[in-house]
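Participant: Protein chains in written order, with numbering that gives the first Met the number 0: chain A, 0 to 331; chain B, 0 to 273.
Hints were generated in silico from the structure; no laboratory data involved. Since the structure is predicted, the reported quantities are computational estimates derived from the model, not experimental observations. Keep in mind that a hint or two might mislead.
Said to hold, decoys possible - Each computed DSSO-like pair below joins lysine-lysine, with the alpha-carbon atoms no more than 27 angstroms apart:
1. B:K4 / B:K166
2. B:K266 / A:K56
3. A:K34 / B:K136
4. A:K56 / B:K136
5. A:K240 / B:K4
6. A:K52 / B:K133
7. A:K52 / B:K136
8. A:K29 / A:K195
9. A:K29 / B:K133
10. A:K29 / B:K166
11. B:K136 / A:K29
12. B:K107 / A:K34
13. B:K166 / A:K52
14. A:K253 / A:K284
15. A:K56 / B:K4
What the hints assert, rightly or not - Some chain B residues close to chain A (C-beta under 10 angstroms, calculated; not the full set):
16. P109
17. A132
18. L134
19. R139
20. H164
Yeah, the Cβ is synthetic: ideal placement off N, Cα and C, and Gly gets one too.
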Amino acid sequence: MGQAVKIDMDSTWQIGDMAATREAYGKALKELGDKNSQVVVLDADLSGSTQTKHFAKAHPDRFFNMGIAEMNMIGTAAGLARAGKIPFASSFAMFATGRAWEFVRNSVAHNYLNVKVCATHAGLTVGEDGASHQIIEDIAIMRVIPEMTVIVPADATEAYQAIYAVAEHDGPVYVRLGRAKVPTVFAEDYKFEIGKAATLVEGNDVTLIACGVMVSRALDAAKELAEQGIKAEVINMATIKPLDNQAIVKTATKTGKVITLEEHNIIGGLGDAVASVLSEEVDSKVRFKRMGVEDKFGQSGKGMELLDHYGLGVADIVREALTILRSGEATT
Amino acid sequence: MTDYKEIAAKASEIRINSLKMIHAAASGHPGGSLSISDILATLYFGGHLRHNPQDPEDPSRDILVQSKGHASPALYSCLGLAGFYPIEDTITFRELGSKFQGHIDRTKVPGVEISTGSLGHGLSNAVGIAIAAKLDKSDRKVFAILSDGELQEGSNWEATMSAAHFKLSNLVAFVDRNRIQLDGWTEETMGLDPLADKFKAFNWEVLEIDGHNIEEIDQALNKAQGLGSGDKPVMILANTVKGKGVSFMEDEVAWHGVAPKDEDLNKALEELAK
Chain A
0 MGQAVKIDMD
10 STWQIGDMAA
20 TREAYGKALK
30 ELGDKNSQVV
40 VLDADLSGST
50 QTKHFAKAHP
60 DRFFNMGIAE
70 MNMIGTAAGL
80 ARAGKIPFAS
90 SFAMFATGRA
100 WEFVRNSVAH
110 NYLNVKVCAT
120 HAGLTVGEDG
130 ASHQIIEDIA
140 IMRVIPEMTV
150 IVPADATEAY
160 QAIYAVAEHD
170 GPVYVRLGRA
180 KVPTVFAEDY
190 KFEIGKAATL
200 VEGNDVTLIA
210 CGVMVSRALD
220 AAKELAEQGI
230 KAEVINMATI
240 KPLDNQAIVK
250 TATKTGKVIT
260 LEEHNIIGGL
270 GDAVASVLSE
280 EVDSKVRFKR
290 MGVEDKFGQS
300 GKGMELLDHY
310 GLGVADIVRE
320 ALTILRSGEA
330 TT
Chain B
0 MTDYKEIAAK
10 ASEIRINSLK
20 MIHAAASGHP
30 GGSLSISDIL
40 ATLYFGGHLR
50 HNPQDPEDPS
60 RDILVQSKGH
70 ASPALYSCLG
80 LAGFYPIEDT
90 ITFRELGSKF
100 QGHIDRTKVP
110 GVEISTGSLG
120 HGLSNAVGIA
130 IAAKLDKSDR
140 KVFAILSDGE
150 LQEGSNWEAT
160 MSAAHFKLSN
170 LVAFVDRNRI
180 QLDGWTEETM
190 GLDPLADKFK
200 AFNWEVLEID
210 GHNIEEIDQA
220 LNKAQGLGSG
230 DKPVMILANT
240 VKGKGVSFME
250 DEVAWHGVAP
260 KDEDLNKALE
270 ELAK
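The following block holds chain A by itself, in its conformation from the complex:
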């Protein structure tokens, strides 16, 4: 098995900067390539979009364009890992996880191989390309595979750090990245750790647990709630698997009201993962709401506009928070 190398980080995004997580991926990957000759990259004719083009330009001998053939890309990545390389395999999330699912399951995970599936253009925020490309099932189908680690970075800073972290981690990983520019929520001093939730705002009234682009929206909603005197706790759950159960138990015990937020089908994603912990490990009186795409396909439109259209706007979060707070009053 290849040994990943620990590497110093140097990130460049300031809070509020608009940047896509795929940009951070492209930057981190190129740097990893500079520092570790075992890192190899595979893409399936989308290097200009996934941003693996930066690695390709700097390290052409270690970049493999596999053509539009995702099954073989993942199977080949498994072979490279078996021979000691640290392969990063990229395509759009729809194809890297969907088309190639059984290769991720059998060639990679069942072989316990050190392959990093880093896929971009996940979720509704792909935007104009429409439903065929807007995968809202990837978290579900990756987290059910034994041995898989599943990470959904919230912004460029976190994506950048996560790429370094997964290179150090020995084992199969899925990293969900986005196309759209999203607000940077983490400063340079943020430290991403696989499997650790981050409490961004502390509060006693209601908890918002979010991943990906929904983290910045949760923060905006918390601000609006604060104006109404409601103290929302905001938790960034970047690692969906292994899930930080302790953080969930702690916040649910504290606020008794939990809302999950994700740019994914409400079935099988972060919400269901949190629900499992709440139902098995926490007092059953906790009130809970999953916010996500309500089991329907997306459509063309601008990324952020689509989130609003499918009920994932800041106003929707505020409304659900107020509803869950009121439902609490009614039963006590």
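Here the structure of chain A is known, so what remains is to put chain B in place on it, guided by the hints.
Facilitator: Below, chain B alone, put in the same frame as chain A:
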């Protein structure tokens, strides 16, 4: 001089042990195990595949990816004979807790390089290992054994395309062309012919041999090494007989995935001992 008789004797031992395993487990795949026994024996005992039972991860070893993971009894028997573990251990095949899983598992059995079982993966895995060897400027040879039926999986053609594209002259693949798959003859189920023309059209060097003639297998592997100085991967189409060596199993679809009963085993072992 390569001792073909000695290799043939090893192939016979692979067949005998495979049938004993499948009989003991009362399940497994005899047909496709018997059809690759001569290829495995020539690779491991004809000096073609460098291996080190004392250090299965020896960096100077060659690598075999057996894509037809259901023919596990043949590979487990071969690796046992090669000294990776006592061959007697394989009698626990398919039992709960046994390292000898129904389909080959690299995490449990020393000498197994890649876990397979789901068809259509192995050639892609071999492509990755061959690319890594080229990157490392290693003289490692990478071998793959594919079934013929599994070529119906489209992923094989993605892998075939990429092996030629990346000029993987260090890759030698066999197709175990026994012409039978689970449901019947390949040409009746989903036709594969003309296979040689297909691989030639994908820019591979193609050799066609009798997959039960040790001398032909040996010479094809020697020839494949010579071709390796070029820039093409090599496909050896090995014409084989499913169930080879046991008269009542030969060319019988029914013996794809059925275990021999006591009397079948006795009769088969008698034939193989000759």
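Participant: Could you run down the list of hints and mark each one as holding or not?
Facilitator: Evaluated hints:
The hinted pair formed by B:K4 and B:K166 fails the criterion: a straight-line CA distance of about 35 angstroms is larger than 27 angstroms. Proximity of B:K266 to A:K56 is assessed by CA-CA distance (about 64 angstroms); at most 27 angstroms being required, the pair is judged violated. At roughly 20 angstroms between alpha-carbon atoms, A:K34 and B:K136 fall within 27 angstroms of each other, so this suggested pair holds. Our distance criterion of 27 angstroms between C-alpha atoms is met by A:K56 and B:K136, whose separation comes to about 21 angstroms.
Distance hint between A:K240 and B:K4 is unfulfilled; the C-alpha atoms sit about 55 angstroms from each other, more than 27 angstroms. Pair hint A:K52 plus B:K133 holds up; C-alpha atoms about 22 angstroms apart against a cutoff of 27 angstroms. Note on A:K52 and B:K136: the hinted pairing holds, with a Cα-Cα distance of about 25 angstroms set against a maximum of 27 angstroms. This hinted pair checks out: A:K29 and A:K195 have alpha carbons roughly 26 angstroms apart, not beyond 27 angstroms.
Our distance criterion of 27 angstroms between C-alpha atoms is met by A:K29 and B:K133, whose separation comes to about 21 angstroms. For the hint pairing A:K29 with B:K166, the CA-to-CA distance comes to about 25 angstroms; that is within 27 angstroms, so the pair holds. This hinted pair checks out: B:K136 and A:K29 have alpha carbons roughly 23 angstroms apart, not beyond 27 angstroms. The suggested pairing of B:K107 with A:K34 is violated, with an alpha-carbon distance near 34 angstroms, which exceeds 27 angstroms.
For the given pair, B:K166 sits about 22 angstroms from A:K52 by alpha-carbon distance, which is consistent with the 27 angstroms threshold. A distance of roughly 12 angstroms separates the Cα atoms of A:K253 and A:K284; the hinted pair therefore holds under the 27 angstroms criterion. Only pairs whose Cα atoms come within 27 angstroms are accepted, and A:K56 paired with B:K4 is rejected, the gap being roughly 54 angstroms. Given the 10 angstroms rule on beta carbons, the hint for B:P109 is violated: about 15 angstroms separates it from the nearest Cβ of chain A.
The restraint placing B:A132 at the interface with chain A holds, with a minimum CB-CB distance near 7 angstroms, inside the 10 angstroms limit. Look at B:L134: its Cβ gets to within about 7 angstroms of chain A, closer than 10 angstroms, so that hint holds up. Contact between B:R139 and chain A, as hinted, is supported at the beta carbon level, the nearest pair being about 8 angstroms apart and thus within 10 angstroms. Hint status for B:H164: holds, given a least beta-carbon distance of 8 angstroms to chain A, under 10 angstroms.
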